[in-house]
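**Student:** Each chain, letter by letter, is given below.
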Amino acid sequence: MSSEHRHAEELAHLERELRASDLLLDRRSREEMNYEVMHAMERISLGWLLTAFVLGGLVFLGLGVAWAYQMKWGLGVAGINRPVFWGVYISNFVFWIGISHAGTLISAILRSVGAEWRRPITRAAEAMTVFALIVAGVYPLLHMGRAWRFYWMLPMPNQRSMWPNFRSPLMWDMMAIITYLTGSIIFLYLPLIPDLAMARDHSKTRFRRRLFHVLSLGWRGTEPEWTHLHVAITIFTFIIIPVAASVHTIVSWDFAMSNVPGWKSTIFGPYFVVGAIYSGVGALGVVLVLVRKFMGFHYYLRAQHFDNLGKIMLTMTFFWTYFWFNGYLTEWYGADTALDFLREFITYRGGAAPLFYGMLVTNILIPILLLWSRKGRTTPWTLALAGMSINMGMYLERYIIVPVTLSRNRFPFMWGHYVPSPVEILISIGSLSLFILLYVLFSRVVPLISVWEIQEGQVMHVIRRVGKTLVPGVIHWHKAE
Amino acid sequence: MGTRYLALFDDVEQVVEALTALRMIGIPEDDIAVISGIPIASAILGRPKVANLMARWSLPGAVLGLGAGVFFTFVTPTLYPLVVGGQPILSLPPSIVIIYEFTMLGVILATLVGLLAQAELPKWREIAYHPAISHGAIGVLFRCDVCSPGEMNERLRHLGAFEIVDVDRSES
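From first to last, the protein sequence lines stand for chains R and P.
The first sequence stops at residue 481 when you use my numbering, and every number in between is there.
The second sequence stops at residue 1172 when you use my numbering, and every number in between is there.
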């Protein structure tokens, strides 16, 4: 075999390796990708129906039966009592708001820095944001007890011409969530329009064609349509990041604006934002592994995506640890008696110690052990395990911050003990099921993979021969002047 | 009113050649539109750049949102003054949060409205389109007063068009 022939073979091998390593270099026809995504979307299997049915049942049990029971008998059926007036409803609320930060981080931040690998995962992340916010929005209603009075929080006067108190952190919460939910829904919808048009063109049933015809707004892909869509997505990218940061900062202010020991902390704002992003990325890892497995998106979701997501998770592990330790150490050094009691209860003498150490193990130790090596990051189930561990840890953290902290205060005669009631547990299960159910339904209604963005990326990414070897490169089409 | 044709191509280079040919037979730029499944920069096609006026929508949205925020935080408390815990009725620091959120909400809503207005969406009745475009084809839509269908067909096919649709005929 001549050396030239051998070199050509080496180059062919290298090209195959490059294509396998990067989705955007591994070009497929748009028709083929459309078919795959549409097929996954339109396939209603028995397993899917069964999953949806079970989840629907759990939602009915939790958010239907248990909530109705609470409405009939009042908040007394929940485990909250003096001094713990904020229980799992508020822990869950903070937890779900945190999950909603996945869309912002993965989609908006990666879009803003031009991270090309984000293309197949943005939609799954943006959908997570919307569904997590919907679930989070249920909790203030649950916590109010008389949920039908929620309109008292809307920015309008009541029958006595009194307006809500806009200086209250609870009103800030309301407005922040409304703004974030509105922005997130539109941020999900805008890049979806071209794919809805694709679904309109290639759906099998008349009902779906009509549905997508309406949802795609008659999109055709003309030059003005693309130009303005691109600009709108860019504006949203830069708007949604500060809005997301404000939402979780404001959630932290619900606590930090009070005088409760353990809550009054200036670091709570950024600590909550970092925690939110951390749990959001963890949840996204789990969702992507499941989407890949159950929708057969092995071509779109590859080792490169899990590797990058794992790196973000690992980075966030260190960020979260830094912020947590910062808050912990300053409180410990301050030697406030009330905080000493609280710390004693949480860390060694009290019943909350398993929660505290569980939080540290699941939030720091397990993610680092699972994600430090490339093999760990690129193995889907390892990544999913790390994501689950992170979310378990973040839930424990929220639980410690809310009911556990409230159970110890400046007055030992007013200390209490909180255990979630069966109603609260059922409602929590119902809300988790609602999140999964919304995702399961969504996966069969709209394309979960942004096909046009992948095709755009594949057109821009090329393999070029430079000297004796092949080098991947990018041609920035959209920057052509 | 001339006849509208939609020619479908596989490749952007073919589209550029077809656009040049259309210009040479005297079809004005305004009567030509390129429809594609992914965004293609105007410079690649040699087409005039689409004016981007989105900021004209987003900025007034921000101003309106800011105005709403100021109204809720500085005007509504004075409509029914209620002193709580001896605190002032009007105060800037807690108002900043609400003003910020309303400003952002204003930008968000105005940007959406701006997109719909600028891109002229929704346009549910428009039929100058072909499903092959979302499969990756690139369509060149043009209006021609003087073209003979046969000649046009032959010329565009020679340039690589794999299908040419007489839009107005298919509409009727």
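Don't read these hints as lab results, they were simulated from the structure.
Note that the coordinates shown come from a computational prediction; the quantities given were computed from them, not determined experimentally.
Among the clues, some could well be false.
Claimed, not checked - One side of the interface only, derived from the structure: several residues of chain R facing chain P at Cβ under 7 Å: (1) A52; (2) V54; (3) G56; (4) G57; (5) M162; (6) M198; (7) G221; (8) H230; (9) V231; (10) F345.
Idealized CB from N, CA, C, for every residue including glycine.
**Student:** Quick check on the hint: R/G221 CB to chain P CB, less than 7 Å?
**Tutor:** holds (5 Å)
**Student:** Next item in the hint list is R/M198. Is there a CB on chain P closer than 7 Å to its CB?
**Tutor:** holds (4 Å)
**Student:** Does R/V231 pass the interface check with chain P, least Cβ-Cβ distance below 7 Å?
**Tutor:** For R/V231, the interface hint holds, since the closest Cβ of chain P sits about 4 Å away, which is under 7 Å.
**Student:** Let me know if the C-beta of R/V54 comes in closer than 7 Å to any C-beta of chain P, holds or violated.
**Tutor:** Nearest chain P Cβ about 35 Å off; hint violated.
**Student:** Holds or violated: is the Cβ of R/A52 closer than 7 Å to a Cβ in chain P?
**Tutor:** violated (28 Å)
**Student:** Does R/G56 pass the interface check with chain P, least Cβ-Cβ distance below 7 Å?
**Tutor:** R/G56 check fails; min Cβ-Cβ to chain P is 32 Å, beyond 7 Å.
**Student:** At a threshold of 7 Å, is the proposed contact between R/G57 and chain P supported by beta-carbon distances?
**Tutor:** Violated, about 36 Å.
**Student:** Do the numbers back the hint for R/F345, that is, is its least Cβ distance to chain P under 7 Å?
**Tutor:** violated (30 Å)
**Student:** Report holds or violated for the interface hint on R/H230, using the least CB-CB distance to chain P and a cut-off of 7 Å.
**Tutor:** At about 6 Å, which falls below the 7 Å cut-off, the nearest Cβ of chain P leaves the hint on R/H230 intact, so it holds.
**Student:** Can we keep the R/M162 interface hint, with Cβ of chain P closer than 7 Å?
**Tutor:** Check passed: Cβ of R/M162 comes within 5 Å of chain P, closer than 7 Å.
Violated hints, listed in ascending order, are 1, 2, 3, 4 and 10; each of the other numbered hints is respected by the structure.
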